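Peer 1: Here is how the chains run, residue by residue.
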Amino acid sequence: MATGPALPTVDVGDPTAAVAPVSARRAARRETVRLLLRRPEFLIGVIVVAFWVVCAIGGDRIAPHSADFRDPFHGHSAPLSNGYVLGTDRLGRDVLSRIIVGSQDVLVIAPIAAAIGVGLGTLLGLLMGYYRGLVDDVLARIVEAFLSLPVTLVGLLTLVVLGSSRTTVIGVVGLLFAPIVARTVRAAVLAERELDYVQAARLRGENGLYIMGREILPNITGPIVVEFTVRIGYAIFTVSTLSFLGVGLQPPSPDWGLQISEEYSMIINGYWWTVLFPSLAIASVVIAANLIADALQSVMQR
Amino acid sequence: MGESGCGKSTTAYAALRYLPANGRITGGKALIDGTDVTHLKTGELQRLRATRVSMVYQDPGAALNPSIRIGPQVEEAFTVLGHSDARSRALAALDHVRISDPRRVMARYPHQLSGGMQQRVVIAMALACDPQLLVLDEPTTGLDATVEAEVLDLIQALRTEMGAALLLIGHNLGVIRKMCDRVGVMYAGRLVEEGPAEAIFREPRHPYTVGLLRCVPRLGSRKEDHRLETIPGFLPQIGESLPACVFVDRCPIATEVCRTEPPPAVPVGQGRFSLCHHTDRIAAIPAPAAEASAPRAAQAAAPVLSLEGVSKTFKQAGHNVYALAGIDLELRAGETLGLVGESGSGKTTLAKTILGIHAPDEGGVMTLKGERLPGTVAERGREEKRSIQIVFQNPDSALNRSHTVRGILMRSLKKLAGLAGQAAEERLETLGQHVRLSSRHLDMRPRQLSGGLKQRVAIARAFAGSPRIVVCDEPTSALDVSVQAAILNLLADLQRDEGSSYVFISHDLNVVRYLSDRIAVLYLGRLMEVGPAATVFDPPHHPYTEALLSAVPRVDGEPTDRIRLEGEIPSAAAPPAGCVFHTRCPRRIPGLCDVDEPDLKEVEPGHLMRCHISVEELRRVQAKVVEPAEA
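Protein chains in written order, with our numbering: chain H, 1 to 302; chain D, 303 to 933.
Calculated from the structure, these hints are not laboratory results. Since the structure is predicted, the reported quantities are computational estimates derived from the model, not experimental observations. Each residue gets a CB set at the ideal place from its N, CA and C atoms; glycine is no exception. Among the clues, some could well be false.
Lysine to any residue pairs mimicking SDA-like chemistry, simulated, CA-CA at most 20 Å apart [to be verified]:
id: 1; chain 1: D; residue 1: Lys716; chain 2: H; residue 2: Asn207
id: 2; chain 1: D; residue 1: Lys687; chain 2: H; residue 2: Asn207
id: 3; chain 1: D; residue 1: Lys903; chain 2: D; residue 2: Gly611
id: 4; chain 1: D; residue 1: Lys654; chain 2: H; residue 2: Pro79
If you only want the chain H side, here are some residues facing chain D, beta carbon under 7 Å, derived [what the hints assert, rightly or not]:
id: 5; residue: Asp60
id: 6; residue: Arg61
id: 7; residue: Tyr197
id: 8; residue: Arg202
id: 9; residue: Leu203
id: 10; residue: Gly205
id: 11; residue: Leu209
id: 12; residue: Glu215
id: 13; residue: Pro218
id: 14; residue: Asn219
This is chain D alone, in the form it adopts within the complex (with noise of 0.2 Å):
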């Protein structure tokens, strides 16, 4: 584990000599099954790779033949080894992955299946040669939390049936902690820390592996509470001279040594070592500071956007696509709502009504301080929509290339602050040292800064008017954990400062909660349930979040018990009748979902669920999947 660029992948692909043209192993061995592949003739290389090892890659749509069916792409794996039965044996390897009706899926294209059916048909055709070893290079990060889990459990399941060895990499630490038994933290291309996953994420004895983790939000960790840990610095660019110790610059403990003597590896347990001069000093570094980034909203604010029956159909090929069904929300002034849902839940479809990119249907009404809202950003005027901004999930995408920093700020400015001349370049002084951006950062382009700086000039364009709502889809996911945090503390410093209210769409629930003063929990367009943060994620709650929430890998260690969702999101042009989740809810009652749709009732102050199950009922059920004591 460790993050992007410390070198994580070129290990594993140096390890299979599988490295790109400009990459040559220059010196040590990398032995598989004893035979040292790094001076392996060509025709011995392959013929080790085709029979004792595999790779999973991160994206399975990539990773399949777009014009081929799956069929002949999974018989393919066996008919290279020599198989003639190949059509037989790719039948009993899907079933192997547990894909339930495999001659029908043998008949389709990779893009007529899902995400996660993709990945497991990539994992079956991985698993033809009976490997030895399986390299997973961050098998489930595209992929929802609930799908994310179900391909961890079969992962898990078909390691101890057919004994191979994992080298799993990830930058999430909760898959990494869930999925392995041992750990080797990566920075700067050296292997920092590596030892027992358990004892590692228990008690880290490296400073790096300590911020790791402690930049992670917790299960159960609030603004409120405290701010995020970040790790101060920046990865030293590829190519730079490296120091001593590697992490010098950023170690709170770093002392003279570390920049003249590189660190020895320092044993630190049983199998375990740390390269750093100062491991029985780890214990010193500085736990992070109790303060709260932000004060708790008032509950009591009036409403700043108000949502009422609010719908969005879509029109396909002939067919309605129901992305959103009679959506009532409040959104108050100085909170944050988190927003929640499997992909395909329309959370973004809700964010993107909310922004004016596509009106609601006929009969919903969006009203603004009280006023209301025209359903298109074309007919909003400047105040409304210098009111509303979004910060985007992937800043690459968001920022133009071909504009300075102060070139995008500037225009903002002008139009929704009406700013300009000295006006502008002094609001444009002070947005930038809300957001951290130094005064050299303004003349720069986008491709020449970090994404974590990108996302800051982002958030200053956001910022740009004052708005009283920002719609933050998922404004960290394209992000490093370590840069995760600094920007999830800049939101929450921004909003305390600013009072502006945030509609937060993450796929994250340890980043949601943090951040989040109200849930809403979206499923097939509809709200299944919405409340106030603690309320929502403790029991009790509707099935479909606890589904949700359980999917979750944790970093604190695992819950014992815990509930699957079958299956997949149905499409939203033909929604289910009754309950729109009850073809896929685990406490569904026969005869009744599946025939009438609940409303959205409040079950409790401000709580508000759609279900069948009464409060009391799930308040007993749920009691015996507890969470885990929290820190």
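Okay, chain H solo, but in the shape it has when bound (with noise of 0.2 Å):
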């Protein structure tokens, strides 16, 4: 399972082998990024993270509106009425600029809870991998009854008791994913100490920490990047489900579970422009995320 291209070998008395050594490493990134380039799922991928990256540096300044401005004579406006190119809320909310500006917090808060859920995940993952045994079980036993809550009640009931902020929406999802790549990483650390480089770097007296750290880690690392990015994808939507029940972000951030959460009851009454695209730009972020993270799985996991 090597994580870049087989390079050709080489080996003395052979002219190719003069390669500056440092360049090899390099050669092989390089490598990865061509394979990538030429899957076309990874490129619309791309293209779609990239559009609502400039949403959301833009802001306010590329956004027709500002996300609180009020039209107080035009709410619930139709899309391509009024000169509202998606329409207006029942507030007079201009849904274009909350949509570009509601990026923003999708932006931060996705990939920071995902990195947190995989930077906890990978630590459980090495420690019920490597130690296997008690550890194993213990751990194992907690990560299963994590994994057998719904990751939406335990994150709305946690909210619930410690407020809802960024910083908690951010906390609660990243620990509710660690479980989840837990058991992803200790999978991928199972077949690797069985290899005799663990071996040989107990033999020569390596502590568990150095053997999971320097000699583990470095070769999981394709499992690990493709966990995140499809974390990313949940994380995007988890926030904004938690939104969308309330206690995620509260109003009047323009965030987009948020918008939905407050618009969905008036769908009868025919206004489904203010639910229809904010759940079409969380659908394009989620898609996009596990685009990237299916072209990763298939160019580093050969």
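Put the two chains together into one complex; each comes in its own frame, and the hints tell you how they fit.
Peer 2: Spelled out as structure tokens, the structure:
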């Protein structure tokens, strides 16, 4: 399970062997990037994400209106009327502007939450996979207990208890993801620890920490990177769900999930655009993250 | 025959038009029984493959579907041919490949069978269509020598019965010699020599064949007598532009013409050709220098490691598995102790116990240089860890693929030799020189190195702390013969210079004999015979050793009389009563061997044996199966 492409082997007496040493690793990385760029799903994913990154950075500056702007005369204005491309909500706020500005929260919260989940999960997975036995049994039961609970429900309850803020949302989502990541990392470590180089490290007296961190970890970066990308997708989804349930970001934040939550009861009156467009925004980021994850998976885990 | 990467399998697959998606036949013809397969339509090709040719792959475990019982799998081979009585035919087929209880075997899943049995099943399926051509791609590579001998005997017998032609791919020259009438030697995608097997092995007429035959240690060759011949240089990379003669860069008799003109196929005898400009100068290839690569180890040297009553029992699903039972063994300074036995005999467990990977059972004592050696690595001090190191079988798994060679070696120098900074750099340089790694290799990662170079790095790592004992666990079995020769030479040189002792595990008895000063033969976790290499390999020997030796296919031709082991090594969870070997022993004495376990007795000075039969009796009965005259 090499994380890079196989390079031609070189040997004494082989004239092609005179490669500058450092360039070998760089060449391997370049090759990975080249293979990624060849995959259409990766390109589509990157373009979509890039679009939202531009929106997030531009924010109020590129949005036609500010997120809090209210048009007192045009509440629930339909798309393409009164100069509002995607229409306005019941308070007369511009849906397009709120989607553009709302991308900021998503693009900050989701990666940080995913990073926390992957970091913690990797640590747990390394401990479980490397030590096995009692450590694995105890941690695995805890992880399984967590996995058996619906993420949204636990998140909901925790946020109700802790109170909602950007920090708590990030923390809670990150913690909830850790067990899932731990399971993936544990499996990778289990395969890796059977290889002789781990035995060789033990035979020269390395401690567990060194073996996990310096010997095993560099060889399982492939699955970890893939897991990270997948988790970003799920984080966006979870954060939006929590906001929709009212325990995530609080009004008047233009968060997408919150927008849907504020407006969905009005769909029945024919005001579909206030719900559809934020939903599409969520879907596009989640799908883009998954496309990138797919491409990474097939390129890095050959 | 030929080394890996020279195109053996590709040739066979191309002949069946069974190439991977990125391969195609660019020209030429492949005739099977007069039909050109290169231009057949898909349907015709399938019919041809189904009815006239069969294939047996290297790994029988992967060739059988793990979730289907043997019976239905074998029956399927007949149903696809349209036979309605598939079940009875399957029974007959299994019977045909000498499976003693076919009905019971048919009810089993592949993983419940041993490797040898699995390969028999695969062969039975391959013979279902009564093929005219049977392609065997390294059919015995993963098997023990004793099982290999059985499977090869079976294939040979079936060939005579069925009259099928065999295309046998192999890198084991002994197997090729034993099995084949005609041999084609391949190098870099070309057939460089072809002809009758006898003639080619007796008098090779291509420099590559000469080199190949010389790098194998012959039965009887010893490190004190001569170094192994190697073929300098390396096989050209796939995709590299090839010189006019593909072998020119490694050829000892190459001249200018070899670079400018492709060599013609020179007829060199009845049905024989060699792709060489200089077939007349083959005799001029310098013979291997008779230089000894290692001095004879001092027999009287003090023991550096001794084991007393070392046992190892594993708990497995509530059962006790007795992997080692009461091993008493000494390893002297500067000597090589060869460990031999079939898989499951406890070789690796013994090695791991010495290394401290798992502790021996209560009561066993290990002593290193006169001091008691703690059971596990965790309890051992740096001095003890430094003193006992290992070279693994598979260098791909043994080296961390994300570290550079320099990183790997520096870490070992730090942990084992306690060196850092300038001192470590200097030691790294000498270490690299000792294993013949050039400085540019130091900054590479394992996957950029060839198998031989990787194994050199692994050896350098083991020697970083100037060890007293190095366990070599089949260090050359993953390598090609010419690379194997270089690694064996290196190990012999290092031992001469560093005075380390080796515990050398290998299933290749020729290799063991080449390198070892003493041999220990293990069976079901017990020592059956221990003694100086020459004594163990020459009669009288323990019946088990005798069987192991007679299973080895010889590059130099066959001994006339051989004994065969029946069946498989019993389970270590329930070792047979009495002598553990009595169930398979061709010389067992009923009423004695199955009741009473013999002791390990000294039968000659330094030669210990665990057998009820007296050494005089063994000498008498084994005198008939004398080794052929040795070169």
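Peer 1: Which of the numbered hints are not met once you compare them with the structure shown?
Peer 2: When the structure is compared with the hints, numbers 4, 5, 6 and 11 turn out to be violated.
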